[in-house]
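A.B. asks: All chains, please: the whole structure from these sequences, using the hints.
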Amino acid sequence: MTGHTQSLGLIGADGRMGRAVAAGAEGRYDIAGRVTLDDPDPASLSDCDVVIDFSSGPALTSALAHLRDGTALVSGTTGLSEAEEDAVADAATRLPILRSGNFSLGIAVLSSLARQAAATLGDGWDVDILEMHHRHKTDAPSGTALMLGDAVAQGRDVSLEDKAAHDRTGARRDGDIGFAVLRGGGVYGMHEVRIASESEMIVLGHQALNRDVFAHGALAAADWLIGRGPGLYSMSDLTGL
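Residues in the sequence shown are numbered from 1 upward in steps of one, following my numbering.
These are computed hints drawn from the structure, not numbers from a lab.
All values derive from a computational prediction rather than experimental measurement.
Keep in mind that the hints are not guaranteed to be accurate.
Pairwise CB distance ranges, derived in the manner of DEER restraints [as the list claims (entries may be wrong)]:
| id | residue 1 | residue 2 | range |
| --- | --- | --- | --- |
| 1 | Pro-58 | Gly-231 | 20 to 26 Å |
| 2 | Glu-26 | Gly-227 | 19 to 25 Å |
| 3 | Ala-180 | Thr-93 | 22 to 28 Å |
| 4 | Val-109 | Leu-182 | 32 to 38 Å |
| 5 | Leu-241 | Gly-122 | 28 to 34 Å |
| 6 | Ser-46 | Ser-81 | 22 to 28 Å |
| 7 | Ala-65 | Asp-223 | 24 to 30 Å |
| 8 | Asp-90 | Gln-154 | 20 to 26 Å |
| 9 | Pro-58 | Gly-240 | 14 to 20 Å |
| 10 | Asp-86 | Arg-168 | 28 to 34 Å |
Note that beta-carbon positions come from the ideal geometry of N, C-alpha and C, so glycine has one too.
C.D. replies: The structure is reproduced here in structure tokens:
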């Protein structure tokens, strides 16, 4: 980072994560732009060095045109439509964009372990990903669960789209990557990758103890991303895992 205080914009500034990021940014960034439900105009983001997004697909994509070339964008928004995914990919030709379903360092390690385990164990092992979040979360499976599923698919050298199983009816198919979703209470985030054979089971898990872990991870991603070239980045690029 340069000597002057960098300017930060927030998309979803009035949400739980937006408020946590704003609190963590005090004394670290100058918050120069805020997009909220009451003030959805993203024009204030045009002068920001970096923008952190925890919002929705429409809010994210409507903001893209207001970001000047080279603005760093850190996005934790999940559940994007195909058209919204295309819009983000197009924006990455002029912006450095780091996207993740989870900004926890622990989840980055868990993802790496899941990929390694899937590659090592090979056939004959069934994989299921269990996740639980607070009762207000709307997308399911979570972005983190899908990220873990993709890590397993990479380890097996298959496509998650071809192997994902979201409904458990009938006998299990060989090679399925199953997902189970729980919603309740105020759970910040709990994820498990269960890998089972006929005779043993490996359980890899992570539980977030507060929301700060995600805010601090997003801010660390912002620190890392500023000044990088256009393209799509992930937490794996940041951690080197």
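A.B. asks: Confirm or reject each hint.
C.D. replies: Now the hints, each set against the structure:
1. Pro-58 / Gly-231: 20 to 26 Å: Given range 20 to 26 Å: holds, Cβ gap about 24 Å.
2. Glu-26 / Gly-227: 19 to 25 Å: 22 Å, holds
3. Ala-180 / Thr-93: 22 to 28 Å: 37 Å Cβ-Cβ, so the 22 to 28 Å window is violated.
4. Val-109 / Leu-182: 32 to 38 Å: Cβ of Val-109 to Cβ of Leu-182: about 23 Å, so the range 32 to 38 Å is violated.
5. Leu-241 / Gly-122: 28 to 34 Å: 21 Å, violated
6. Ser-46 / Ser-81: 22 to 28 Å: 25 Å, holds
7. Ala-65 / Asp-223: 24 to 30 Å: 25 Å, holds
8. Asp-90 / Gln-154: 20 to 26 Å: At roughly 24 Å between Cβ atoms, Gln-154 and Asp-90 fall inside 20 to 26 Å, so the hint holds.
9. Pro-58 / Gly-240: 14 to 20 Å: 34 Å, violated
10. Asp-86 / Arg-168: 28 to 34 Å: 32 Å, holds
Violated hints, in rising order: 3, 4, 5 and 9; the structure is consistent with all others.
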